[in-house]
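Peer 1: The primary structure of each chain is shown beneath.
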Amino acid sequence: MRPLLATLALTTALTAPSLAGATEVTLKTQLRNYGGKPAFLAYYVTDQTGAYVGTLWMAASKARYIPDLTDWYRYSGGDMNEISGITGASVGSGRTLTVTLDLADTLFDAGYTLHIDAAVEHYPASPSEIVLPLTREGASKPVSGRGYIESFSYAM
Amino acid sequence: MKLLLTGGAVALALGAALAAPMLAQDASPDERVIPVRQGEAHGERHGAFGWLFGQDDDDHGGRDHDHNRDHAGRGGDHEHRACGDDDDDERGARGSGSCEQRGMQNGGPPPDNGLFGKGMTPKAQVN
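The listed protein sequences derive, respectively, from chains L and Y.
Using the numbering used here, you'd call the opening residue of the first sequence number 1 and step up by one each time.
Using the numbering used here, you'd call the opening residue of the second sequence number 1001 and step up by one each time.
If you are wondering where the hints come from, they were derived from the structure by calculation, not from laboratory data.
All C-beta atoms, glycine included, are put in the ideal place defined by N, C-alpha and C.
It cannot be assumed that every hint is accurate.
Capping the alpha-carbon separation at 25 Å, the derived lysine-lysine pairs in DSS-like fashion look like this [unchecked claim]:
hint: 1; chain 1: L; residue 1: K28; chain 2: Y; residue 2: K1118
hint: 2; chain 1: L; residue 1: K141; chain 2: L; residue 2: K28
hint: 3; chain 1: L; residue 1: K28; chain 2: Y; residue 2: K1123
hint: 4; chain 1: L; residue 1: K37; chain 2: Y; residue 2: K1123
hint: 5; chain 1: L; residue 1: K37; chain 2: Y; residue 2: K1118
What follows is a list of derived Cβ distance ranges for each label pair [stated by the list, open to error]:
hint: 6; chain 1: L; residue 1: S140; chain 2: Y; residue 2: N1127; range: 27 to 35 Å
hint: 7; chain 1: L; residue 1: Y123; chain 2: Y; residue 2: N1127; range: 15 to 23 Å
hint: 8; chain 1: L; residue 1: G35; chain 2: Y; residue 2: N1113; range: 19 to 27 Å
hint: 9; chain 1: L; residue 1: T49; chain 2: Y; residue 2: P1109; range: 25 to 33 Å
hint: 10; chain 1: Y; residue 1: N1113; chain 2: L; residue 2: G36; range: 28 to 36 Å
hint: 11; chain 1: Y; residue 1: T1121; chain 2: L; residue 2: A155; range: 12 to 20 Å
hint: 12; chain 1: Y; residue 1: T1121; chain 2: L; residue 2: H122; range: 32 to 40 Å
hint: 13; chain 1: Y; residue 1: G1108; chain 2: L; residue 2: T106; range: 32 to 40 Å
hint: 14; chain 1: Y; residue 1: T1121; chain 2: L; residue 2: V53; range: 34 to 42 Å
hint: 15; chain 1: L; residue 1: H122; chain 2: Y; residue 2: M1120; range: 30 to 38 Å
hint: 16; chain 1: L; residue 1: G50; chain 2: Y; residue 2: K1123; range: 17 to 25 Å
hint: 17; chain 1: L; residue 1: Y34; chain 2: Y; residue 2: M1120; range: 31 to 39 Å
Model the full assembly from the supplied sequences, consistent with the hints where possible.
Peer 2: Here it is as structure tokens:
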């Protein structure tokens, strides 16, 4: 019985951090009616030193225009492996993109910053249109972008 | 006098015959025919006119055609997956999810960059 309990305790201890270490987070982005083609959006995170950490999502229907997400491209070096499995369609004018992800708890209240780049074919690019510290207190508080993004908020 | 006129006419005729081909060559640069060799027409750069065919096939600022970037996600060494990764805006999905302009999309396993929970599948919806 005692070895069984010890094994159970060990496996629980090993499993618990991965279960407790992530929270479901919903990123909601409402675009303005800018009237052009669907917008490309890149969501990525930098740390307290301003260094690129990784990408959370990319809405981009055509790979060829991804370099127009200029800050993301500069931070990531244009490494397409960064967005494998986390890409979706670009977002039409006036539409809303809702992305649901399990994000590491360590991203919040630890000096990390969320950036959103936006780009539309034939329109000016809008790098780092949203720059927002990732905090639990900031959840569900909408912010406006200066270009294509009418409002953005994250909920957890 | 007659000899002088005849000589002048011969000189004029000779000059015109020599000058005509040169004038004809330079008359309309736009109409020059540029020979296209095999392989030049899709971005490879050979010879003096390679630049003409090395440009992108869209109107996006004349960006050079980068095959690995532009056609990524089609197998071979194009490892990354980008949604709707095609030459046509209106075409459908490739890579992660169905890529409709509206509706639910499911991503694949995200990169192991420490940002995501283990085993999660990202979901996105455009309304």
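Peer 1: Now, for every hint given, state plainly whether the structure supports it.
Peer 2: Each hint, compared with the structure:
Restraint check for K28 of chain L and K1118 of chain Y: satisfied, since their Cα atoms lie roughly 22 Å apart, inside the 25 Å limit. Restraint check: the Cα-Cα separation between K141 of chain L and K28 of chain L comes to about 11 Å, which is no more than 25 Å; the hinted pair holds. At most 25 Å may separate the alpha-carbon atoms for a hinted pair to count; K28 of chain L and K1123 of chain Y meet this at roughly 12 Å. For the hint linking K37 of chain L to K1123 of chain Y, the alpha-carbon distance of about 23 Å falls within 25 Å, and the restraint holds.
Of the pairs offered as hints, the one joining K37 of chain L and K1118 of chain Y is violated, with about 35 Å between alpha carbons and a cut-off of 25 Å exceeded. At about 18 Å, the CB distance of S140 of chain L to N1127 of chain Y disagrees with the hint of 27 to 35 Å. Roughly 22 Å separates the CB atoms of Y123 of chain L and N1127 of chain Y, a value that falls within the hinted 15 to 23 Å. Remark: the range hint 19 to 27 Å for G35 of chain L to N1113 of chain Y is contradicted by a beta-carbon distance near 35 Å.
Take T49 of chain L and P1109 of chain Y: their Cβ atoms lie about 28 Å apart, and the range 25 to 33 Å holds. Hint check: N1113 of chain Y to G36 of chain L, Cβ distance near 31 Å, so the stated range 28 to 36 Å holds. At about 18 Å, the beta-carbon gap between T1121 of chain Y and A155 of chain L stays in the expected band of 12 to 20 Å. Between T1121 of chain Y and H122 of chain L the C-beta distance comes to about 34 Å, which sits within the given range of 32 to 40 Å.
Checked against the given bound of 32 to 40 Å, the beta carbons of G1108 of chain Y and T106 of chain L, roughly 23 Å apart, lie outside it. For T1121 of chain Y and V53 of chain L, the hinted distance range of 34 to 42 Å is not satisfied, since their beta carbons lie about 21 Å from each other. In this structure the hint that H122 of chain L and M1120 of chain Y lie 30 to 38 Å apart at CB holds, the actual value being about 36 Å. A C-beta distance of roughly 30 Å is found between G50 of chain L and K1123 of chain Y, which places it outside the suggested range of 17 to 25 Å.
A hinted range of 31 to 39 Å for the beta carbons of Y34 of chain L and M1120 of chain Y is consistent with their spacing of about 32 Å.
Of the numbered hints given earlier, the model fails hints 5, 6, 8, 13, 14 and 16; all others are met.
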